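These two chains come separately, so use the hints to put the complex back together.
Going line by line, the protein sequences match chains E and S. Residue 292 in the working numbering sits at position 292 of the first sequence, with consecutive numbering throughout. Residue 1314 in the working numbering sits at position 314 of the second sequence, with consecutive numbering throughout.
No lab work stands behind these hints, which were simulated from the structure alone. Heads up, a few of these hints could be off.
As the list claims (entries may be wrong) - Examples of chain S residues toward chain E, derived with CB under 10 angstroms:
#	residue
1	L1053
2	T1123
3	I1133
4	E1134
5	V1296
6	K1300
7	L1303
Note that this is a predicted model, so its numbers are computed, not measured. We treat Cβ as the ideally placed atom computed from N, Cα and C, and that holds for glycine.
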Amino acid sequence: MILLVLEQTLNGLQYGVMLLLMAAGLTLVFGIMNLVNLAHGSLYMVGAYLATGFYQWTGSFLASVALALAATLVVGIVVEVVALRTLYERDHLDQVLATFGLILFFNELIAIVWGRAALYSSLPGWLSGHMQVLPGVRYPVYRALVILVGLVVAALLYLMVTRTRLGMLIRAGASNRTMVAALGVNIRLLYTVVFGVGAALAGLAGLIAGPIYAVQPGMGEQILIQVFVVIVIGGIGSIRGAVVGAVIVGMVDTLGRAFLKPVLSIVLSPSAADTAGPALASMLIYMLMAAVLAVRPQGLFPVR
Amino acid sequence: MARSPRALTLAAGVLMLALVPVAAELLDQPFYVDLFRRIMIFAIAALSLDLILGYGGMVSFGHAAYLGIGAYAVGVLTHHGIANGYLQWSLAILGSALVALAIGAVSIRTSGVYFIMITLAFTQMLYYLGISIEEYGGDDGMRLAVRSQFPGLLDLRNATAFYYLVLGILLLFLLLGQRLVDARFGMVIRAARSNEPRARAIGFSPYRYKLTAFVISGAMCGLAGALLVNQTEYLTPEFMHWTRSGEIMFMVILGGIGTLMGPVLGAAVFLLLEDVLSAWTVHWQIILGPFLVLVVLFAKKGLIGLVPDEAAPGG
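Same shape as in the complex, but just chain S (with noise of 0.2 angstroms):
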C-alpha cells in the first residue's frame, strides 16, 4: 500500500521520539531527555490550538489561559498537600474546559478581530488573578513540593517514566484529533470555517459546535499545562502571559496550520530554535521577532508545506 510522504515523515517523527531517551543514555546527556518533553508538552499545547485555529478558523490569542489553569490545578492542590495525580489532572483538565466554556460562550459570538482581542484580554484578566492571589505564590510563583503521584502506576520523578507518558498522551491527542477531524463534528467545524453563512443554511448551528472545539481544545491544553508544571516542578502565572499564547501560536504557523504533524513540527523546531539561539545570546529575541515575521511574510504553509501531502505517481 502507498504511503504518502507525511505519513512517512510522521512514522519516522515518533521513531525518533521514541528513540530520544535510549540516545541521551548512549551519549550520557540526559539534558535531551528533558528538552524533548518540553517539546512534546508544547506540541500537546500547539496541537490543541490548531484544533480551533486551523480547522477550525478561531484565532484564540489566548491559548496560555488553559496552559495556566491546568499548572494551577496542579499547584494549588499540591500546596493544599494533595498530590494525587489522578484527582490533580482530572482537575486541570475540568478546570480548564470549563474556563474554556465562559470564555467561548462569550467570544465566539463574536469574530474576526474582537475574537482575537477578546480572548487575549480575558488571558490577561486571569495573569492578573494569578499576580494577585498571594495565598499561591502571586507575581513570584511557587514550587512545586513533589510532582503528581499516580501510586502503582508509574513515577514522574523517572524521567524516563515521565517522558514516555508524555509521548503517549501526544500520540493519543494525535490519534483523537485525527478522529475528531475527519468525523463529521470535524466537517462541521471546517464547514463553519469556510463559510459560515452556508454552513448555517444547511441547517447547521455552528456556534455549539464550535464552543464544543473550543471547550475541547481548551481541555487538550488544560493536559498540557498539568504536565508542564511537572516538567519546570515550579508555578508562576509567567504560564499564563499573554506572549506564551503568541510562541504557542507561532509554533502552530511555523509547522503549518490546519495539520495536524504542523504543530508537533513547529513545537520543536521553536524552542530547539529558542535553545540554540539563547546559549548563543541572551538577546535571542531580536533575532526570534524578525524570523516570526519573515515566515508569517513568506513561509505561510509553515514547514509541513515543504512535505508534499499525496503520495508520489507510481510510488
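Isolated chain E, as found in the complex (with noise of 0.2 angstroms):
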C-alpha cells in the first residue's frame, strides 16, 4: 500500500511537471502580452506529433527531440507573427475567439496529415526499463526523466526571469509595457522571443506526453483546460503560482484517480463507488478550483 501510494505521488509529481511546463508559457504570454491564447494546446499537439514523426524517420530518439522542440519554436514563432500579432490590443473575447479558430484549424490540419486515429509512439530501450528510486520501489526510467526534465526547465526558467537581462525585460515588459518601449527596447521581437519560449515549452510538454499519453486531434485542449485551472489556481500572470498551482493540481489529480474509489468503498457499497468514485475523481480539480476561487478570487499569488 504505501509503495502503492508512493508510486502514485511520483506519477502525481510527473504530471504536474508537465502541466508546469504548458502553465509557464501560457502565464508569461498573459502577463507580458495580456493576451488570452487557448492555441497554446495546439503548440502541445504539435509537439507530440512532430516528436512521433520525427523518432519514425530518423530512429534516433534524442534527434527527435531535438527537432521538435527547434519545429514547434518556428510554428509558435509564426503563428505569433501571423495571427495573434494583432491580437495583443484587442478585447479577451476577441482573443478567445481568434485563438479558438486556430485550435479548429489546427486540429483539423493534424487529422488531415496524420488521422484522426491515436498514434502510440515507442521508447529506446535505454528508456523503457525500470528504476530502483527506493530499496523495493521501481519507478519507470522515463517518468522519472520526466520530472527531473521538469524541474531543471522550471529553475532554468526561473533563473532566466529572475537573472537574466531577458528575464528583466520580461518583467519590465509586464509592468509597463509603453516605458519599455519608450526606453528604446524593440518590444515586437520581446514579444515574440517570450511567445517562442512558451510555444517552445508548451511543445516540450507534447514530446515528453507522447509516450505516455495518446497522441490524437484534441489532445492539446485537454490538458489545456487543466492548465486553466492551474493557473487561476496559482494566480493568472505569476509564475510562482503556476509552479505552485501545477504540483497541486497534478497531485490531486492522479490521487484522486487513484485512490478515490478504494477510499469510498469503505464508506459506500461497492456499486456506488465504482460510480462515483470515477465521477468524483474527474470533478475534483474543478471543486478545488472553486474552493480556491471562494477564499481567494485572484488566485494563491495574485500578480498585481
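Structure representation (C-alpha cells):
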C-alpha cells in the first residue's frame, strides 16, 4: 500500500511537471502580452506529433526531441507573427474566439496529415525499463526522467526570469510595456521571443506526453483546460503560482483517480463507489478551483 | 410610422422562418424543416448567451453546459420512463437555472480572463461528469426512446408542429429579451458592463443583477437543450463539449454582439455554412477556423452591422 502511494505520488509529480511546462508559457504570455491564448494546447499537440513523426523518420529519440523542439518553436513564432500579433490590443473575447479558430484549424490540419486515430509512440530501449528509486521501489525510467527534466527546466526558467537581461525585460514589459518601449527596447521582438519560449515549452510538454498518453487531434485541449485550472488557482501571470498550482493539480488529479474509489468503497457500497469514484475523481480539480476562488478570487499568488 | 431597416429585416426573417415548412412541403424537401428547426434551437442558445455576453459583458465560455443540463433532464427522465414534456422541460429549465446559479455565484466574483477560464473549467467538469456516468450512456450517450410528450397539446413527432413550437419559443424569447434589455434591470446590467465602479457609485449592487441575468440566460439555454435533444433524439456528453460553447459564442459574434437579432442571424449563417462546407469536405473545420479568425479581426460588428439601425432620414 505504501509503495502504491509512493508510486502514485511520483506519477502526480510527473503530471504536475507537465502541467507546469504548459502553464509557464501560458502565464508568461498572459502576464506580458495580456493575451489569452487558447491555441497553446495546439502547440502541445504539434510538439507531440512532430516528435512522433521525427522519431519514426530518424530512428533516434534524442534527434527527434531536438528537431521537434526547434520545429515547435518555429511554428509558435509563425503563429505569433501571422495571427496573434494583431490581437494584443484587442479585448479578451476577441482573443478567445480567434485562438479558438486557430485550434479548429490545427486539429483539422493534424487530422488531415496523420488521421484521427490515436498514435502511440514507442520509447528507445534505454528509456523503457524500470529503475530503483528506493530500496524495493521500482519506477519507470522515462517518468523519472520527465520529472527531472521538468524540474531542471523550471529552475532554468526561474533563473532566466530573475537573473538575466531577457528576464529583466520580461518583468519590465509585464509591469509597463509603454515605458519599456520608450526606453528603446524592441517590444515586438521581445513579444515574439517570449511567445517562442512559451511555444517551445508547450512543445516540450507535448513531446514528453507522446510516449505516456495517446497522441491524437484534440489532445491539446484536454490538458489546456486543466492548465487553466492550474493558473486560476495559482494566480494568472505568476510563475510562482504556476509552479504551486501545477504541483497541486497534478497531485490531486492523479491521487484522486488512484485512491478515491477504494476510499469511497469503505463508506459506500461497492457499486455506488464504482460509479461515484471515477465521476468524483474527474471533477476533483474543478471543485478545488471553486474552493480556492471562494477564498481568494485572484488565486493563491495574485500578481497585482 | 417609419420603421428602421432592422425592424423590417426582423419582420422579413420571421416571415421567412414561418414559411419554411410550407416551402419544404412544396419542394418535397422535408430535410429543410429539420435544418431550420436546428438553426432556431441554436438561435435560442446564442440569444441566451448574448444577453449576458453582449449586454452584460460576461464572457461565458461555458454556455454548452446548460444545453447539456437541459438535454440530460429530458434524457434521464425518459430513461426512467417519464416522458411527460411539461415535467421534463420544467426540470430542464429549473436544473439549468440552479447550475447557472452555482457557477455564476463563483465566477461572477471574478472578472475578465478569470471569468472566461472558470466558466470553461466548470463546463468541462460537467462534461466529464456526463462521460463518467455509465447509467446514462457514459461516453457513447444514449438514444432518446420517445420525444417529450404533451398530451392534448401537440405531438413532437409531427415535424411541422415541432417546428412551429420552436419558432414560437424563439419569438417569445426575442420579445422577452427586448423587454428585459429595455427594462430597469437591463439598464443596470448594461451600466455594469460599461462602467462597474460608476454603477456601484450610484447605488446599485451589480453582483446580484449580473447573477440574475446569468441565471436567466442559463435557464433559457437549458430549454434550448431540451429542444435539441428532442431534435436529435440522441443524448451525448458532446452537447457539453467545450467546442460547442465556442461555436455558440461564434454565432453571437458572427451575427452581431449586443443585439437581439444578431445571434439568430449568426446561428443561421453558421449552421448553413457548416451544412454546405461539410457536404463539400469532411475537413470543413480547416476552412471554418481561419474564417472565424478573419471575422474576429475584420468584422467586429457582425452581419447585423451591415443593416443600419436607424430609419433613413425621411424614410
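Quick rundown of the hints versus the structure:
{"no.": "1", "hint": "L1053", "in the structure": "8 angstroms, holds"}
{"no.": "2", "hint": "T1123", "in the structure": "9 angstroms, holds"}
{"no.": "3", "hint": "I1133", "in the structure": "6 angstroms, holds"}
{"no.": "4", "hint": "E1134", "in the structure": "7 angstroms, holds"}
{"no.": "5", "hint": "V1296", "in the structure": "4 angstroms, holds"}
{"no.": "6", "hint": "K1300", "in the structure": "8 angstroms, holds"}
{"no.": "7", "hint": "L1303", "in the structure": "15 angstroms, violated"}
This entry does not satisfy hint 7, going by the numbered hints stated previously; all others are met.
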